[in-house]
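Colleague: Here the protein sequences line up with chains A and B, keeping their order. Remember, the working numbering sits 662 above the position in the first sequence when you count from 1. Remember, the working numbering sits 5 above the position in the second sequence when you count from 1.
One should not assume that every hint holds.
Okay, the calculated beta carbon distance ranges per label pair [stated by the list, open to error]:
(1) B/Leu-49 / A/Val-905: 16 to 22 angstroms
(2) B/Leu-49 / A/His-852: 54 to 60 angstroms
(3) A/Met-749 / B/Ala-46: 45 to 51 angstroms
(4) B/Arg-54 / A/Pro-906: 53 to 59 angstroms
Once the Cα atoms are required to be at most 20 angstroms apart in a straight line, the calculated EDC-like pairs of lysine to aspartate or glutamate come out as [what the hints assert, rightly or not]:
(5) A/Lys-843 / A/Glu-935
(6) B/Lys-44 / A/Glu-752
(7) A/Lys-733 / B/Glu-40
(8) B/Lys-43 / A/Glu-752
None of these hints come from the bench; they were simulated from the model. These numbers were taken from a predicted model, which means no experiment stands behind them. C-beta atoms are modelled at their ideal positions from N, C-alpha and C, and glycine is treated no differently.
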Amino acid sequence: MAADNEISAIYYIQHHLQNLTFGYHPQNGWSLASTSAEAVEMGFWAIHLDTMGWSIAMGVLFLWLFRKAGKMATTGVPGGLQNGVEMVIEFIENLTRSTFHGKNASIAPLALTLFMWILLMNSLKIIPVDYFPEMFGKLGFEYMKIVPTTDVNATLGMAFGVFLLIVYYSCKVKGVGGFAKELSLTPFNHWSLIPFNLILEVVGLIVKPISLGLRLFGNMFAGEVIFILIALLPFWAIWLLDVPWAIFHILVVTLQAFIFTTLSIVYLSAAHEHH
Amino acid sequence: MNINMTLIGQTIAFAIFVWFCIKYVWPPISSALHERQKKIADGLDAASRASRDLELAQEQAAQTLRETKEQASQILEQAHKRSSQMVEEAREQARAEGERLVASARAEIEQEINRAKEELRAQVSTLAVTGAERVLEASIDEKAHRKLLDKLAAEL
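Produce the complete structure using the sequences and hints provided.
Modeller: In structure tokens:
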């Protein structure tokens, strides 16, 4: 009995941590993965439908809300939605002004997108862990993991986007030669140390997006696992731990979005600086 | 935790969202925000300017009031001075007039006395002559004594 319980608990956890994967399976061809093993066998050429769907939904929600506020924006007394939106925009603007030292009007909207998008994706975590998997289970989908930031692909994907921007702005501001020079001649400005510098700088460059993505993923994933573990308790005891953990996560959700945004601005600011 | 195409999909979604935000979301809100900030700043400026103006006006009013009060008190003082002067002048005039009246009355009296004296004198001499005539009854040469008596009368 105890072993049965254990097995079902492990199954429950694994089930909740499996994405709805669509991809090319060596045996089944293009299909939805019906087990974790199948998802692994699909390799790289697969896509997490739930991650993509929910993240795009959150992104569209953010853009729709803010676009609506932007269309109604008046210079007079702002209404409720405009007030909230303006508060966020002002917060991001101040953050950008204090962190970013270059001259680039695109950084603030970029930071806004990152912050709001990650905030909304993280916020999905507050929804009880069983609601959507059950609902989509009824609709015939085996797996449904609704929090995109608990998927390492999503967080690394965004971090990769930031990385591309770092490289792009480094080349744009300093020129390709300048950027290459920065990679090869710092910290030790001597020709014989170019290989050493190169290794140091390239590792430093690559570590930026990886740390960015993994930090967000780690925090969100760990939180999600704990939510799932709490959900395994007897139903009358769940709220005892679930409520404090959820309240604590309101902080974590905001904080992680803020950290991701701030670090992205810092990295982009460094990309704009001449040495 | 499989790394798969989701990574690329997410990057593309990210790029599209950022582009959309830069192009359509940020500018209207940001410009409205800055315009309002400017409006508020202008309003605050105008308010502070107005309060400064008010202060100035109040000061001016106080100044005018002070000046007016001073003027009024000056005028009052002048009037007082003037009235006392007038009273003084009138008194002086009255005194002078009185003196003049007294003097003229005195002169008239003197004149009257003199005339009376003259008359008396004239009558006395006649009276004396008549008296003496009565006493002496023709024993006296009127012409001869006339001169003597006139002399006597002049001595009176």
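Colleague: For each hint, tell me whether it holds in the structure or not.
Modeller: Now the hints, each set against the structure:
no., hint, verdict
1, B/Leu-49 / A/Val-905: 16 to 22 angstroms, "violated, 45 angstroms"
2, B/Leu-49 / A/His-852: 54 to 60 angstroms, "holds, 57 angstroms"
3, A/Met-749 / B/Ala-46: 45 to 51 angstroms, "violated, 19 angstroms"
4, B/Arg-54 / A/Pro-906: 53 to 59 angstroms, "holds, 54 angstroms"
5, A/Lys-843 / A/Glu-935, "holds, 13 angstroms"
6, B/Lys-44 / A/Glu-752, "holds, 16 angstroms"
7, A/Lys-733 / B/Glu-40, "holds, 15 angstroms"
8, B/Lys-43 / A/Glu-752, "holds, 15 angstroms"
Consistency with the previously given hints fails for numbers 1, 3, ordered from lowest to highest.
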